[in-house]
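Student: Residue numbers (the working numbering), protein chains in the order written: chain D, 1 to 240; chain L, 1001 to 1045; chain R, 2001 to 2237; chain A, 3001 to 3216.
Quick caveat, the hints were computed from the structure, so don't treat them as lab data.
Be aware that one or more of the hints could be misleading.
[What the hints assert, rightly or not] Here are the simulated BS3-like cross-link-like pairs (lysine-lysine), alpha carbons at most 30 Å apart as the crow flies:
1) Lys3147(A) / Lys3190(A)
2) Lys2025(R) / Lys3079(A)
3) Lys3079(A) / Lys3190(A)
4) Lys2025(R) / Lys2035(R)
5) Lys2025(R) / Lys3147(A)
6) Lys2035(R) / Lys3147(A)
Fair warning: this is a prediction, and the values are worked out from it, not measured in the lab.
As a plain string of letters, each chain reads:
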Amino acid sequence: MNLYRYASPASFYPLAGRLWPVFAVIAALLAVYGLYEGLFVAPTDFQQGEVYRIVFIHVPAAWMGMFIYLVMAFYGVLALSFNTRLSAMMMRALAPTGMLFTFLALWTGALWGKPTWGTYWIWDGRMTSTLVLFFLYVGFIALTESIDDERRADRAGALLAIVGSVNIPIIYFSVTWWNSLHQGLTFSKSGGSKMAPDMVIAMVAMVFACWAYSIAVALVRARAIIREREPAHVWNGEAA
Amino acid sequence: MNWAEFFSMGGRGAFVWGSFGVFALGIALEVLLLRMRSRRSKEAA
Amino acid sequence: MSSVSLELVEQSELAPEDGFWVALKRDLAIAMQNKGELAQALAFMAIVVSLFPLAVGPEAQLLKRIAPGVVWVAALLAALLTLPRLFASDYQDGTLEQVLLSPYPLPVLCAGKTLAHWLTTGLPLAVLAPLFGLQYGLNGDELGVLVASLMLGTPVLSMLGAIGAALTLGVRGGSILMALLVLPLFVPVLIFGAGAVEQALSGQDTTANLSLLGAVMLAGAVLTPVAIAAALRISLD
Amino acid sequence: MTTAVQAAATGPLRAEGLQVTRGPRQLFSELSFGIDSGEILVLRGANGTGKTTLLRVVAGLTQPDQGSVQWCGRAWGAKDAERRSVCLYLGHAHALKEELSALQNLKLALALDGIEAGTEACAHALDACGLAGRHAVQVRRLSQGQKRRVGLARLALSEKPLWLLDEPTNALDAEGIERFSALILGHTAKGGIAAVATHLPMPFQSARELRLEGSA
């Protein structure tokens, strides 16, 4: 009684094959436009000078890291409740990209922190939560890769993603609470209001570029997973 | 457009290009690994 | 259709909460047989707590400042070490399958097992914490807050840890993997727990931290049994 | 693929179109069978053909990819409480805690089934299974055969109508097998049902067989 009959790997595979190049092209165009706006057009920040431009990749990376984990938890709910193989494959296809973005958020945050606040690592609410989120990703990938039976790995990963996503707000609250107790100094990095229009355009372009990129990569990785798991006739039909 | 000044980023070039560089490197690495995985999964059938 | 002459056993309508006491008594009976493990967790905590003065020097003022963090991290690691005991031996000898096949609801049984685990690990740690606190120069009411925070926090370590233990059953490299899964989830408990004791040190009011810790524990008591049951079903599929 | 026994019997237990795959291998598919009340079905087949998995699917431990298990005409859901009050599953492992005594193990197992068995009832059952005088000793010090007999004592005291037994007679000596035979025949005489996975000869004749070939 598979509710999602049309979402079977066999019908998803060719669809993903046609879709991912579209998203890849969108991502590339948006990225070029965003970088051009961010590096050349956006004005110099009166306080931080040129180094603030790192925000155009730091904030999208941090958002994508968080957003992808929640999408993974969503697919996890589908995988556990409807027992569909495809949603579990999509969840696992997203994990490496989510971890990459979370790592890049930490890396760019550190390189931005040094010239601006004097230290590579800032124990503030956002950065510390991003660090914990990175460990959640490492745990997810470690768990799903160390269980041999694919079905158990998918369902264990799904449950972990759900439990993790329920804990994210609690972790975020506790870390910001902890930060306010100790330094009381919160850094407002991307003060939305005082951002010049060009800055906002660059930021929005980069966020959507990262979205399109993540979708493209997830579709390609999902196709690879289908090839690894499903018998050849399921995906070998169309011209390779 | 003075390229030298652009790359120095007000003296903070190391940090700006360190960030953008690693970002590009990460994306490139993921795409590379993904292509290898795709090729391997196609041949393994 | 030939009906089953052995009429379907109308088990006296099973009260689900009985399952809680069955699982609790079962695990306590088993734990009583290997008291050694119980003592090991306490010894481990004592050693870890005693290592820090050797590392940072005996200077009283410094030790008192780091006491909350040291005692709490040591309690966290001690709890982590005892988590495999929750399901691993039942998994090996086949009794875990029988628990899953019991007519009692699995989440209720898991709640009983988790409480039994806390009674044999978290509770003793909390009760003996003043001994470690004294080593670091904590006085009367500071020790009181330390014990209160551990009493409220260690149950959450057992609850969240049980999910990790259930997910990594029979997986190679399971114990390191389990630590990787649950330590990020322990962050709020560590922050509120150590935070409460730290506020006590600086004479501030600790009710905020302790009540947050209590809230997390109550939420855990309601939500984690369902997750533990789901994790067990996934691992034993 | 596998023999699909379209059993004519419309007994209380029916399995329809069961399919389980383990990784790349498909253990069985389109497997249907029924067991009539008072009947024993023996599952035969080489190692790894899915005998144990089939028992676990009926017991509800393993979720099949497809197919359903019905009891008295109603299909069992994944977490069906009725299934757990009907099925008694004894797997390869002894399901005994090594550090506890035979008596404690028996009491715990029955408590999990919701049966409040008194000490004398358990002691009597253990005696009947040939464990007289070994009630209080830790199971760790019992022989394999004696451990299996504690399982027999559990069968004797269980009131569950559906027995799912995986290699119930291995490690049992002739006398033990005799006791097992008496127990299972007593169970079916009362209208109970049993499915036994084994590749040893069974001490009773009146049993249907289901042979699992396993995939190529």
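Student: Give a verdict on every hint.
Tutor: Going down the list of hints, with the structure as the test:
1. Restraint check for Lys3147(A) and Lys3190(A): satisfied, since their Cα atoms lie roughly 26 Å apart, inside the 30 Å limit.
2. Restraint check: the Cα-Cα separation between Lys2025(R) and Lys3079(A) comes to about 24 Å, which is no more than 30 Å; the hinted pair holds.
3. Note on Lys3079(A) and Lys3190(A): the hinted pairing holds, with a Cα-Cα distance of about 28 Å set against a maximum of 30 Å.
4. Taking the CA atoms of Lys2025(R) and Lys2035(R), the gap is about 15 Å. The hint holds against a cut of 30 Å.
5. For the hint pairing Lys2025(R) with Lys3147(A), the CA-to-CA distance comes to about 23 Å; that is within 30 Å, so the pair holds.
6. Of the supplied pair hints, the one linking Lys2035(R) and Lys3147(A) holds, its CA atoms being roughly 24 Å apart against a limit of 30 Å.
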